[in-house]
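Peer 1: Residues per chain, in single letters:
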Amino acid sequence: MVTELLMEILISFFLLAGVGFIFVAALGLLRMPDLPIRLHATTKAGALGGGLLMIAVGLESFGDVAVAAKAAAIIVFLVLTGPVAAHLIGRAGYFVGVPMWSGTIKDELKGRYDHKTHTLMSPPGLSRTRDEQSD
Amino acid sequence: MLEFSIFIAYTVLGVSLVLIFFRLVLGPSLPDRVVALEMLATLTVGFIAVYTLSSGVTAFLDVAMVLALTAFLAAVGFARLIAKGGSQDGD
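Sequence order for the protein chains is A and B. In terms of this note's numbering, the first sequence opens at residue 1272 and continues consecutively. In terms of this note's numbering, the second sequence opens at residue 3 and continues consecutively.
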């Protein structure tokens, strides 16, 4: 009786926390001014929200271990694939030249990308150590 | 109490869906729309989680698993299209 009530409270907590993080991610996606900042909002908060919701499903799990295992697998997939996809999209957006927010203070990649070959030049301070490594 | 939480969860997810849809329509560039699409896939996974909790039908969890992987593949494909292909080069 008491454990059932505790489980219900715990599941409700994870449910509402996950939904709250997904809402924050969606709000950031709409309100943030710039592609990298939007990626920053959706990738982290979205994956965390989905993971918390799947924790809620795994806690309930309906007396079936397979359900909890599936929930764990979904968490692993979300956490593994999210950052890679965000990195790829942000990189592609930078190549195409998506305009940055007007309040951007520093763009360390400016002038360091070769837009033909898509390779990255090393910063000036690091070039000597790189030459030494190649010798 | 769980029923009330599930009601709130459905409501907030619906509002989030509207917000993401606005970004999908407004998005000034293609990468912004791709970000919105990826967020939409995560939101669908969340919807499936809440539906599983509310109905007790666990069959849709497989769909959520495949959806998480397919969204990643779609993001990789879109990133390749943006970086190397498309019409911004004029050819």
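Since the hints were derived computationally from the structure, they do not count as laboratory data. Think of the CB as a built atom: it goes at the ideal place given N, C-alpha and C, for glycine as much as any other residue. Don't take each hint at face value.
[Unchecked claim] Which residues of chain A face chain B? A partial, calculated answer using Cβ under 8 Å:
{"no.": "1", "residue": "K1315"}
{"no.": "2", "residue": "L1319"}
{"no.": "3", "residue": "D1335"}
{"no.": "4", "residue": "A1339"}
{"no.": "5", "residue": "A1356"}
{"no.": "6", "residue": "V1369"}
{"no.": "7", "residue": "M1371"}
{"no.": "8", "residue": "W1372"}
{"no.": "9", "residue": "G1374"}
Peer 1: So which of the earlier hints does this model not fit?
Peer 2: The structure breaks hints 1, 2, 4, 7, 8 and 9; every other hint is satisfied.
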